[in-house]
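> Using the sequences provided together with the hints, build the complete structure.
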Amino acid sequence: MSDTMNIDDYLAQGGVLTVPGNVPARYRGELMRLMSSFVDSELAASAGFADSINYAPAIKERIAASRITMEKADHAERVLAVMETFGTDAGRYQSQHDWAARLDRDADIGAARRSGDMRLSVFNYPIDGWTDAVVMNVLQGLATGVQMTELTRVSYAPLAEVFREIAPREARHAALGLEGLERIAATPAGKAEGQRALAYWRPRVAATFGVAGSARYDTLRKFGLRHTPNETLLARWDTLVTDHLAALGL
Amino acid sequence: MARFHPLKVTDVRRDTRDAVIVTLAPRDDDRTLFDFTQGQYLTFRREFDGEELRRSYSICAGLDEGVLRVGIKRVEGGAFSTWANENLAPGDEIEAMPPMGKFFTAIDPQAERQYVGFAGGSGITPLLSIIKTVLAREPASQFTLVYANRQISTIMFREELEDLKNTYLGRFSVIHVLEQEGQEIDLFTGRIDADKMTGLFTHWLDASAIDTAFICGPEPMMLAVAASLRDHGLRDDQIKFELFASGQPGRAKAPAVSAREVVPGTGTQATVTLDGATRSFEMPRSGQSILDAALAAQMDAPYSCKAGVCSTCRCKVLEGEVEMAVNHALEDYEVRAGYVLSCQATPLSARVVVTYDE
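If you read the sequences in order, they're chains L and P.
Counted the way this note's numbering counts, the first sequence spans residues 385 to 634.
Counted the way this note's numbering counts, the second sequence spans residues 50 to 407.
Just so you know, these hints were derived from the structure itself, not from any lab.
Every value quoted in this text rests on a predicted model; they were computed, and no experiment measured them.
Do not rely on the hints blindly, as some may be mistaken.
Unchecked claim - So the derived label-pair ranges between C-beta atoms look like this:
id : chain 1 : residue 1 : chain 2 : residue 2 : range
1  : L       : L624      : P       : D255      : 36 to 44 Å
2  : L       : R600      : P       : E142      : 41 to 49 Å
3  : L       : D392      : P       : G248      : 23 to 31 Å
4  : L       : T612      : P       : D255      : 28 to 36 Å
Here a beta-carbon is modelled for each residue, glycine too, at the ideal position from N, C-alpha and C.
This is the structure in structure tokens:
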């Protein structure tokens, strides 16, 4: 049974790749792009959330924010370790950027990335206070949950395994956010503040799902790096958000 | 970045007509570097006609054997495997990177697991390491191996597998599936495809009892086995894959370099291929990288850090000459083969042809 098949056909039929040595060049480029987007986003999320620890109103919230800050950095490190097997200089990579850097709150960059930094556009916006941090974490946490249904299925097995380890902890971050939001929404003042933060973050998180009918999606689909189109994932997230917010009276 | 270290060949044993089993020993100082986990592989390098080739081979030894051992099956036209089969002898030295790979699950001495392994041809090598380790270190676990080959004479480790069956009576079983040889049971003749898998699940394997499945073999077999395992209710995290290296041909061609002298400061005619589409455009000789020029030409070229660190933007120079400002990611052998980081590369010649597809 030594007969082989074209690697593109293999991937299109759901095949799995296992080592840097057997990935085709274009696949490598897209896989690296996917991984660096995740690493940069987690590092930026961790750096952005670090300030929120001091916004926390009480010890319980302080612990939750610390945990999220720490674990997002840990998740970045795990995926960066996979990039390292492809030659990435991990030491230099993590010191490349000021991950805490943010644009103005009013900047409108749509879904654009900043030069040389692949973090999702939403991580370029600054967090403004505790309620803002919690709302951002809930919306982005639910988005990550939806994205994880894709990431845990990527055709590069060592990366899919890392995502399967990460997924439950990311889900816990979203759950911590929902617990926090429930406490905030318990008062009329908190509810009003929450509404304002939702109005700010909801379109910005929605933009990270990318455009409908994306050409890159087709490429990624062919490689088994994606399975569900942007618009479907976005709709799934939107329903999830609406349901959770309704339960909190928001 | 992982580095190469010399290993001493201590034994070379012929296993089949086309395969040798090579035992290796690291230097005393490197011993801990070469501690491995069952199912991992070693990457070797050697120069052939002035060009470096790298090949990965799975370790076939179990953790308790105290040695480093790989099985190398000769591939038609394969420079490295042919050399290893015909020339490698005890006393030789060969350079290897420390063990890598994630084709394993954690050992738990208390576990009572049911493992099943699917191997095609030389895909047996990492599985043998896993089988030996699991049987020795998880005394209550059981392992079933489904092993596909063309014919009896090409079965690697045939005797060793028989010995294991006798040592671990009742805990280890092997089903040989032979493509070209009739057997008493029809099901065991032919290739492992969807029908064969259905047959195995109907008569020989209980899918609901399987904790973890390992698959290592050629692509069509991996697809058929994985699809069937999923159809029978296994989750993705219960299926471990190792696709053995078929991606690389015998040897890479040296890049055609034709640097033409041109007046400094004038532009360069750049031709860039991405996803099979080729675009040509004029770009400046300095101040703009090939990546930025491609992006400016509306090509969706991959990149991330733009600092020569991550290697997402790697492309291959097919014609002309370029220069990289910095390179923290590509190794010397990749650069010699014509690869550059397009975010750091500016053209030196009047014409440059690069591709992201190779």
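> Run every hint past the structure and note whether it holds.
To see whether the hints hold, each was checked on the structure:
1. L:L624 - P:D255: 36 to 44 Å: Taking Cβ atoms as reference, L:L624 and P:D255 lie about 38 Å apart, which means the hint holds.
2. L:R600 - P:E142: 41 to 49 Å: holds, 46 Å
3. L:D392 - P:G248: 23 to 31 Å: At roughly 30 Å between Cβ atoms, P:G248 and L:D392 fall inside 23 to 31 Å, so the hint holds.
4. L:T612 - P:D255: 28 to 36 Å: holds, 33 Å
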